[in-house]
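Line order of the protein sequences matches chains A and B.
Sequential numbering of the first sequence, starting at 1, is according to the working numbering.
Sequential numbering of the second sequence, starting at 1, is according to the working numbering.
A hint or two may mislead.
To be verified - Each computed BS3-like pair below joins lysine-lysine, with the alpha-carbon atoms no more than 30 angstroms apart:
1. 205(B) with 207(A)
2. 57(B) with 207(A)
3. 47(B) with 371(A)
4. 325(A) with 121(B)
5. 57(B) with 371(A)
6. 121(B) with 350(A)
7. 251(A) with 104(A)
8. 325(A) with 57(B)
9. 327(A) with 57(B)
10. 189(B) with 350(A)
11. 47(B) with 207(A)
These are computed hints drawn from the structure, not numbers from a lab.
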Amino acid sequence: MTSSINSLCKVLALVVALAVLAGCADLRVAGTSEGILKGKDLRVAVFPIENMSMSPAPLKEMRESIIKKLEEAGLSVIDEKSLEDFMAERRVRYVGGIDEETAKAFKKEIGVDAVLITELELYNVTTPPRISMVSRLVSTGPSPRVLWMDGTGLSGDDSPGFLELGLIESPAVLRENALQTLINSLAATLSHTGKSPGSFSKRFRPKVSYRSPELSASEKYSVAVLPFYNRSQRRYAGDMMQLMFMDYLTKFKNLDVKDIGLIRQKLLQYRVILEQGLSLTNADVIFNTLNVDLIVAGYVFDYEDYQGPLGVPRVDFSALIFDRKSKEIVWSSNSYNEGSDGVFFFDSGKINTAFSLSSEMTRAVTEMAIK
Amino acid sequence: MINYIIAKVKTIQRVVVKTSLTRILSIIVVACLASCASVKGATDVYKDPNMDFGAIKTVAVLPFTNLTRDQSAAERVRDVFMNLLQATGAVYVIPTGEVTRGILRSGTTTPATPTTEEIKKIAGAISANAVILGVLKEYGEVRSGNSSSNVISLSLQMIETETGRVVWSASATEGGISFWDRLFGGGGKPMNDITVKAANDLIDKLFM
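Bound conformation, chain B alone (with noise of 0.2 angstroms):
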């Protein structure tokens, strides 16, 4: 009898102990990819739960930073996502020309990271409700052993002009070697290609 009571107690045991590392693990799953899912809308978009969007009608693109090894990236980059926010009919993108005039008559000296009061001054000389700003930080071939493909990579901010708070701010790469390039060569998509792709995914996030 003592032994049967004995064995029973080690079997519930048995199960208690099963059941416990069963529930263990699955909050452990669950956590991990609750902590997966939550790391990316954590660190690659950020909206001000305050701003209203709507009120925005404006934009001035500033010239991006450019810390890429092509010249010309920036304002290649910068001329394809004025094109596809203004594509966009949401807000009206100051041309090139009009933001130069404001920037030069607002005395900017580094375009590309101006202070507060100096988006101030170039916002209120052409008239916009917000600027944003630009660091392009990858743009072109990138090489691994014998794979090499196009690679972007561009981070932004949307900058409120009458207080001079950061509203808005996303990253956005697209490119690089896939494991298909890895092991069948290729090269990747056209440098034109995966731009588009980037500045439409950095501009879902502003409209998300």
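The following block holds chain A by itself, in its conformation from the complex (with noise of 0.2 angstroms):
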């Protein structure tokens, strides 16, 4: 009697234990990245973050952190003094993108071979915390590409775990556990070892598709991705869906994407205005002047986070691809989702942000529009 009373009070503590142990998983920070980049030799400039959460947000903790998780990990970051100068002299503004001028005079003046532009999504600080944020590695030099890019998006009740114990209510945990997990990631791909991410879940598949049989698997294409047309309430909406395509199209091997700094650059200066989405005449423009085979637009009509422990962010958008060759369309769906598609109980499988879902639903576009 008295060793079965035993036995039951050693499991009972063993699983509140495990319990414990789950629910602390989440609290602590994402481990650094010391050490991966080392002999990288990559001399980067750090843009100041670029604010489309439209709520404030401490940006410059932010980069501050951002370049001492980079040097951390090995990589030489340029000084403050210099990437300041540069700047004013150059007089660069904009911080979304580089374009070929600013691209050049980076690596010719400063020496700089790569420059880490980021954009903060999303910055909720009411309880439950939330934040989305993308990032991206742009070369240098006459010809720069995307040499790196990842996004991510974390809510402070992802995985509460046991009794809430793993429940982030510090935005300021959050948003460490956000930057370390992109330098990670950066740090992966450079290493290469980044593992390749595994197949798309089915409930974020387009609710409608076609794709023409013009568009092939094995052939090498360049892209542009355009800024989506914005039918949403949220403001920038269609640029996050721009990020978002650009993101994913950058992981495949056939794929040579254009950065936005480079669009954006030629969409101003042959004054293109994009009157509710792309007609043939622009397209044609962005083909001959960015010599590109493939343009990537569309439309959101829905980009909703929420507040608070209740609610479900919502995301629905339609995409293109229009083909150079062909000068038609070869790929449009319709995609829309609630973050608790497919979730039954205990909200497990539950997404909360806009961000994490909206990445999900374009990676299952891309995958389905290229392979």
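Assembly of the complex is requested from the two constituent chains, each provided in isolation within its own frame, with the hints serving as guidance.
Right, here's the structure in full:
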């Protein structure tokens, strides 16, 4: 009798200990990537963070944290004064990308190999806090290209765990987790240890899709992703979808994706105004000036996050791919999902940010279109 | 003998009356069923019997007239319909931006309700064989007592651009409060799902 009570107590103690450990797992800040990048000899400039969240955020602290983590990871970051002087001299005001001229000057004048560009998409400090950001490393020199790109969307209640011990209530902790996730991803890519993502979940497939036989999975394409036409209530939703598509398209080896800075420069230079979408005349200008084979464009109808513990994010968009050869649409699709789609028990599998939701949806679209 | 004959005649009369009543009832029932069947076919879809739909290769879908309270509803439904039509692979659907260019170039001020001349100008500018006009009549939540559900009601017209004639017209309604919604509640199906269903229904009517 006594031994059975003892066994029961041991089992209970073990269960409690495991639950506590599981809960604590998400409290810690993700591990650093120290030393992974050593020997890479990349000289990097870190641009000020572009705030697309429409809410105040500690951008300066975040940037300082990024620089610190990059240095810990073995990358050489140029000093603040050199970057400030360069930006003032070249009158660089736009920090969401770099154009050809700036890229050349970065290399020639201050010997920078790559520029780290970061966009803050969501910064919500109400409990549970939420943060979403996208970052990319763009090479400098005569033909700038995206060396690495990744994004992360985290919510304090992503993994509440047993008795909500895993709930993150501090925006600072969540912020550090997000930044560390991005730097780890960059480190893994530069050291060629990055894992390829598994197949996409069927629940995020587009609800309607068309793929022309003209689009070949084996052919090499150069691609320009345009900002999506924003019909949602959320400001910058079109730009976020552009970044999201760029992120996934850069992962295909047969695609050469042009950077946003380059596209923006050409659109401004040739005064291309996208009146409710892309016309064939504008498409011709983009095809010829950027020398691309495919143009990705689209429309966003919903891009909704929520505040507080209750609610679900919602994303609704359609995507189009124009082909230079046939001058026709070779892909079109409609996607819409809510964060709770396919969730039945205890919020398991629920997605808490519009960023993470649209990221999954975009991944499904790009894989169906390109593979 | 006479009584027997009278009785027989009455029996025959009863049988005749009964038979004719049964026949009349049968005819009425068949007529009702036939009329019900023809009502749907006649009022829901119009298809020009002289039109060669195979000749239509390129279609422009103009902005829909929005009769609902949701300002973006017409654009949402148009986008879904365009993608579904493109997905059939039977016709090429001109992208929205190109259609907008055609509208601007033709100087059409009310693109949802253009005149025949305006349709010809738009089609000429963007090389469309046919244009589709639409009216979104209902989109969103409807309530009845304690029950609520989503509903969509859409009607479309296809106009052949050379002559400016309406060659196809159809309407579709999906969603609404069902018997089970009233009984158990539940709120009906999501708006996006019924939008796809209604657009699919219209495309079926176009290709039937």
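What hints, given by number in increasing order, does this structure fail? 3 and 6
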